[in-house]
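Trainee: Mind docking these for me? Both chains are given alone in their own frames, and the hints should help you get the complex.
Going line by line, the protein sequences match chains A and B. Using the numbering used here, the letters of the first sequence map in sequence onto residues 1 to 256. Using the numbering used here, the letters of the second sequence map in sequence onto residues 1 to 374.
Hint data in this document are derived by calculation from the structure and do not stem from the laboratory. Wrong hints could be hidden among the right ones.
Each computed DSS-like pair below joins lysine-lysine, with the alpha-carbon atoms no more than 30 Å apart [to be verified]: (1) Lys123/A - Lys140/A; (2) Lys63/A - Lys223/A; (3) Lys161/A - Lys59/B; (4) Lys161/A - Lys223/A; (5) Lys59/B - Lys116/A; (6) Lys140/A - Lys116/A.
The chain contents come next:
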Amino acid sequence: MDELIIAGRSFNSRLMVGTGKFASNEAMVAAMEGSGSEIVTVALRRVDVDNPQDSLLNHIDLKRYLLLPNTSGARNAEEAIRLARIARAAGCEPWIKLEVTPDPYYLLPDPIETLKAAEVLVKEGFIVLPYINADPVLAKHMQEVGTATVMPLGAPIGTNKGLRTRDNIAIIIEQAIVPVVVDAGLGAPSHAAEAMEMGADAVLVNTALAVARDPGAMGAAFKKGVEAGREAYLAGLGKQQDKAEASSPLTGFLRS
Amino acid sequence: MSFKEVIQKYDPMQVIAEIEAMTAADVQRALAAEQLDNRDFMALLSPAAEDFLEEMAQKAHAITLRRFGRTILLYAPIYLSNECHNSCLYCGFSVNNPIPRRTLNLDEIERDARILHDQGFRHILLLTGEAPGKVGNDFIAAAAERIRPLFSSISIEVYPMETEGYKEMVAAGVDGLTIYQETYDPELYQKLHPSGRKRDYNFRLATPERAGEAGLRRIGIGFLLGLGNFRSEAFFAGLHGRYMMHNYWRTLLSVSFPRLRPAEGGFQPPNPVSDRQFVQLMCAMRLLLNDAGLVLSTRENAELRDNLLPLGVTQMSAGSCTAPGGYGEEDSATEQFAIDDDRTPAEIADLLRARGYDPVWKDWDGAFLQKETG
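Isolated chain B (complex conformation) (with noise of 0.2 Å):
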């Protein structure tokens, strides 16, 4: 059964009902259970469980600290091009926007990469908005291939490929892929998405199956808060997790969280989601998926980022640029969002050790995608 028989099963508006209506005992009873089932983690999303935020960021910070221990994996974006052929509403990439477009050429590429390398990266994510005349396959392929001398993992977060397009990505060296659906509203997601090739929520939807079926390593799933209700988004995000981690258990998990920032465009986002309701989801994602990655991005600010730590973050970006070529250059083509942390990766990794953690920067190796040479 693919994820979108599962997710079809559910009406939003009923699922939203269901959790509004858990009870301060239906949340006990989710914090006793050692495996969490569907009615648990409704409980803990509920509007019942704030009065447990508490418990809930205790029993996620054990958990975590059990299974991943005092580590955080950094990681860093490059965003190879802002070319975009959609016009997500809440986007700073969006084709209505008038900013200047750009796409960089494999040296200016290598020149990211090498200033990512130099701060001691090794695991990186290379970024591009959705315009598969000028940035298509190939093109990814090449920059993979150019910058995987320097890194030990990398990922991609680009438009949704055919099953084939991610065995030609794994076959470059490209060992992971992060995919948000944005919201699991149908609805909210075609108001959302007014034209262009995103437009096609179940293609989207089945995007971490297909690059399952290619054998990428870690897939990394999410949705934008603020767009839809988060208890609800939330909700189907945990399915889509177990759903991945039952269906593909080679592959590694991770999920994310990334709240809407400003961009060019002023998308006022519908359903803010306040950093109680932040703390809340990452929790209950934490108890219900006690083995995936939960990753923190630089769109949250820097005291909270410190706060967050401890409640199941495993994964963080540090001193990321959201525009192409932003780390070599001064002028760089416009962001595709305003980052809320700017501390240098030194400074990130400084705070980590301060905090008793250890900031990991090789937790993979490139050997693992090499073909016997003799």
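So here's chain A without its partners, still in its complex pose (with noise of 0.2 Å):
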């Protein structure tokens, strides 16, 4: 598959995997290997950045994978920004997964917040990866303050639904100067596939991993659902018209 490249680093894998929900290390480092993914997003909550002997931290081979510290928990862009300036002075690449969700049950980010601490954390040398509504004018906004992604929900987190926020990823995607993965919602490799048939740059999955009968197996699943998609994406997928197009026109004459 074709590389992705965010802010100049190259990514063979266009899947990217969360580390939260899993039954076990051992079911997470499963899925990770599954899905061939290269960037893993950790919750920095649910870490001792400072202890090295963390067993979230232990089980993630550092030279294999990107560690993508996210801000999950963050009600505001100060504790965002906190957050990543401690992963940082931990000693972790400055590369943050940017989320700001005032509301602790659909975790619905709050585009004031996230533009504002993107817009800090760039300043400060941050490769900030932004969590945002699949809002094509948000995506603007992020991309002006210099985010290196925008990473759009297809629906809301943990709810497997799929994109259905199809039509506003399409504006997104087409009018993007920075990758766009398609965060959050995605529940079955065909939603991944659908995702990047239309274009989308990479996809984040991690409940449907975390909640799978077999996390190592659906991990594979969603690598072939995302190189599919990806392949047929650089194939040039026919378009979906209402209307019946003869292939041998009727008028052609015409035009000699």
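Mentor: Given below as structure tokens:
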């Protein structure tokens, strides 16, 4: 598959995985390995970043995976910025998945606070990957302040409902000048394939792997879904049309 | 509108009658609904729903798995004091019980805290009775500040405070509050609380709202199983939960269903709740409040706790001691109640792993509450 490039760094996989909700660290590692992913996101509130023996971090081979700390749990820009700084001070690379979700139930991102935090963190040298609602104008604002990607949600986190925001994601993809990573709500490999067929640059999956009977096998299934979707996109999908179009136009003779 | 105004619209006896009158068809409609309304919730709490426990359990399991995954947050309580001026008929700490009274000093609190920290806990719950003269806001704040370096999350389960008091707690590093209404039935509440500040039903009822105003990040509500009719109590707890989730939407809600346990004073619960009823209640609550934490304490026995795991539980206490100083001393003061699951935290963690769950010791970070230092 063609490489994904984010902030000048190349990745062979276009599938990112989250590390929450797994039955065990072993199940999480199986999902990561099955998925072929090279980027894994970890909730800073779950780890003791000062402790290299932390059991979650211990299970992630930092030579194989880019650790993408996330700021989940932050309710406003100030808290997200503080968490990002703590991660960097503890020696993490300056990559941060920015999540500002004041509502702890649907975990929908706060657009205003996310933008504020993104602006500050970019200025401080962070490579910022913001989780946002599928709002094309907000995506433009994020790009303008210098985020490395935009990560619109397909559906609310953990719902496994797929691309409920499809029309807006299509606009974001059409207008994007940074990679578009569809994040949240993807519950099946077919959802991931659909996002990639639309032209998304990557997808991020967590719940679908964590709650699968076999997380490793589900990771592998998503890998195939992402690859199939990407290949179809590159191959040039036929357009869907409401009206029939004859392969041999009946009025073609008029052009000659 | 306050929750007091919400609950005053209901007559508890009428609620019980409506729940009792629900039919199998009502239950089936509720099971098919994506979002429950009040009538659906009543149906799931009704005697008619007892024939649908397996369907309820399957649905509760599926929702919990989707929203929380295969994780269980572990926490432990530290009892700071058993001094209490209240005379609650069911409580071992009641002022009328001739038990040795004990309030830990900060060194003793830190000793217990270190024991729990070394066992792996990062979420801690501080408890006291209600004796503001001896154990007031300053004492609790000092305790929280003393142990804050050891834990990522500190919650309190103490007497109700004013909003200002909760703000002081937040400033001291407390992020969570647990407060049970004990019973939502105002008449029964008066009978069970004959004297002391706790006698004020409405002040207690509005406590979660004051805590929400003060910015506490986690609020746990609940009622004591065994006091009133469990069906109507659960209905009002569900209403309360939904009210909190809608009105204090930045605060994470959890709900507990502690069953009364043997305690000093020998109180006999007037409405004991069976295991089947407990399961029905837990599943109904999960179906109503998909995203709320559901807490299971060591009041329940080991076998039941193991079997309840898949039905919606998201948080468990482990290795609990309900007497002040009980972790560090063999002869500690009298406990609040007898626990029924005495497995060690390590044993509970092993059990969770064996059942396909990840025991989570840390799911929060004190950094959320810290002020910028530069």
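Trainee: Checked against the structure, which of the hints given earlier come out wrong?
Mentor: Of the numbered hints, just 5 does not hold.
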